[in-house]
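With the hints as constraints, model all of the structure from the sequences given.
Listed in order, the protein sequences are those of chains A and B. Here the first sequence stands for residues 1150 to 1907, where the numbers follow the working numbering. Here the second sequence stands for residues 96 to 268, where the numbers follow the working numbering.
In short, the hints are calculated from the structure, not lab data. Given the structure is predicted, the values throughout are model-derived calculations rather than measurements. Some clues are possibly wrong.
[To be verified] Under the rule of at most 25 Å between Cα atoms (straight-line distance), these lysine-lysine pairs were calculated in the DSS-like manner:
| hint | chain 1 | residue 1 | chain 2 | residue 2 |
| --- | --- | --- | --- | --- |
| 1 | B | Lys131 | A | Lys1234 |
| 2 | A | Lys1520 | A | Lys1508 |
| 3 | A | Lys1234 | A | Lys1276 |
| 4 | A | Lys1276 | B | Lys227 |
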Amino acid sequence: MTPGAAADDAPPRRVWLGAVVGVLSLVMLAVAYVQWRQYKLLDSAAHFQNEALGWSFSQLETEQLRLRVQLADYLSDPQPDSADKLQLRYDIFVSRVGLVDHERAAGIMRDQPTYRPAMAQVRAFVKQADRTLGDVPARPLDAAAAAPLMPMLDALNAPLHDLSLGASHLLYERATERNDAVRQQTELGVALTVFQCVLLLALAVIALRQVRALAERRRRLEALAANLHTARHDAEAANRAKSAFLANMSHEIRTPFHGLLGMMSLLQDSRLTPQQATYLDTARESAHHLLTILNDILDISQLETGKLQVNAQTVDLLQLIGQVEALMRAQASTKGLRLRVDVGADVPRWVRADPTRVKQILFNLLSNALKFTPTGTVVLQVACGPHARIDFTVSDTGIGMDEATLGRLFQRFMQGDDTPSRRASGTGLGLEISRDLARLMGGDITVRSQLGAGSAFTAALPLPAVGAPAPSSDAAAAETGRSRPLRVLVAEDHAVNRAYLEAVLDKLGHHGVFTTDGDGAVQAVRDQQPGEEFDVVLMDLHMPGMDGFTAARTIRAMPPPRGRVPIVALTADAFQESRELAREAGMEGFLTKPAHLPQLREALQRYSAGASAHEAEPVDRPVPAAQQSASPLDMLTVDDVRQALSAARYDTVLSGFFESSVAQVGAMRRAAAQSAHTDLQHRAHSMKGAAASLGLRAIAAVAQQLQSPAPHTTTDELTALLDQLDEQFALSRDECLRAGLIGGGGRAVTPPVARAPA
Amino acid sequence: MNLSQPVRRHWLAAVALSWLGLHGGPAAALDAPSGKVILTLSGKLAQSNDNGSAAFDLAMLQALPQHSFATRTPWFSQPRKFTGVLLRDLVDAVGGSAASLRAIALNDYRVDIPADDLRLHGAMVAYLMDDKPMTVRERGPLLVIYPFDDAPELRTAIYYSRAIWQLRSLELR
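Quick look at the structure:
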């Protein structure tokens, strides 16, 4: 049955159902009526004792005969005793007459022509007899008076006998008639009952079909739902894959793009003709715009995959607004617009918020307002709403929007001005990102607008007010952008990472104390001298001997103040599980390798102060395995690290890493050959961390495969991976040489093995 | 009927009397009728006034608890009011203990009335109809009547046949 047929079927079936129920009700009424009739018939038959009439006629005949016998008796011997008996017999006879001589009896006997004459004859006899035997006799009873009664009584013999027989026959007929009537009614009743049964069966069949149809419909709906579910699942999977691809692509594009920007910066510093400078400005502007678009795409794909997270921390809201204002004022003044910022008196200074994301929303709303306002004023109004909500309203005197545009506004790739000659440029993703971010924070963005009368966007964000953080020298230092020198204990087993961290700490002006395992870290904390306490411990989680978790627990078990030293976990894997374990072991912070300079600076500032322990914004930059075909270097990281360390130091660290590679890979090969998988994995883990820190992406990728191989990986496969590692070392070194990253210093560089540069 | 029958009856009557006396019931023997006998009870009874039977005249019936009700009957087109004594009271008055009563009419019509009818259905011996005595011509002087209007199950030929007219005697069996 097709769904259409089922739909067409339903109304006739309902009509049928109604018809059957109606007929059934009528039949039941009819049966009830027949049964009531039958009851009345029987009741009246019993009540009126019609059958008794035959008996009464026969009794009358009997009494007539008995009276005659008594009369004859009296006439033969007229004694008083006999007279009394005659009187009684006569009275009984008369009482019997009354039972047959009435209108109802006449009605029943109407077909008997003898009835009326016989009754008249009886009445005549009674009239005659009453003269001597009545209640008030006209003459006393004696033989002379009784004698004339005899012939009259005899004359009654024949008619009374006829009547008796006639009544009997009549009543047989009546009984037969009534039996027939009862039989007919019973037959009718049976027929009706059978009909009722048939109707009930029909009803049952219809009901059954209905139930089946319903079950069938439900089954189809379930199947449909299952299909839809699968389809949705597939669609979501496809969408996720697309988002992931988009994220990877934007990431991929950004790396060479930074190179491009850097080159353009260098170019700007060189001698240029004014025309060339103009060209370069345009190129830089375009490049910056492109970068914005890339960031937008990255954000949206992260929002879609749910990767983007809001990290709330205590924020100076007024300062944040000040920063936004400062940046936007420049933009406004270049366009000749006025920018006004109104902050309500009740707006709290300290709130819990993700400053980066709040800024992003405000930047987006303000730059949109500036973009679409040719002349006039753009106002940012900050006011307190209910439920710890803060409303950021950006209103302008710009072109405004009509209803249709408002409806499309938050849709992807839509812009208020969709005409070909649009004055504004952009991805059209900004508003969507802003609104998604606002919703991620538990708020929303709404808009009011009128064509030609400007627009007002309101970002209502739940930013709960908090108390001001305890003023500390570190906080003060953080605000001024400088920090006091810290004593930092670093537990890190990999020499390259130690060198890298030493360089970074040096650059930040901190003093690092290094140890290679957990035992060393515990020892160092225990033995610290007064006045030389550690401000913070950076703890690698995976180390030979005592690992970071155990070391953290051991330190936490020490009496204060030693047991209270802030510990920041440092690891190459960014699994949530590791994070939880670290937290359980008593570590406040968590930094993902490669830990770049800004993250380290922030973490050190935050945790060394012992102030509110917030987790550092996780730097989820897992080593993308799919990028092996690309450059073996992660130029973004390379740039960052190089900038952080200075080119010379980076050269030193990088060269050291390459030099140690032969020994490292050799040790891994031995471990693989001896099936010492734990050792192999540990070495691979260390190598991955170091390589990732230095931006050697391809090496890190292979090391990761070695660190967590698929189950049942054979030694041959491991050897193949190790060969691959050698190859990547060679390729990476070539690349570094080509990019001028190594070989710039005085240090001798081991010439490339195996293959020459292409 | 053999000779031993009345003797045994007397003896039984004596036992029944002593039992009644022990229990404080009316110990006096049934009075002899002073007027014309209209009803005779015979059979299983404890008190008698006429050689093992209990003969009643109208005054004796009137001395028993009186009842009256109106009912429709097959024999009259209108409901009639009947007055008399309950069969139950009558049987109790003679210390009767019967499973059934055989009622006999003047014309020798007879019918058996089960004792259940006495208790359950309030069968009555009526001597007044519409507050007037009934002559033999009017199916009197006594008749057995049931409250037919009170219970539908009484309106059957069985009960109509038990409503005997011209009642002459009752035999307790």
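Checklist line | Hint check against the structure, violated hint numbers in rising order | finding: Of the numbered hints, all hold.
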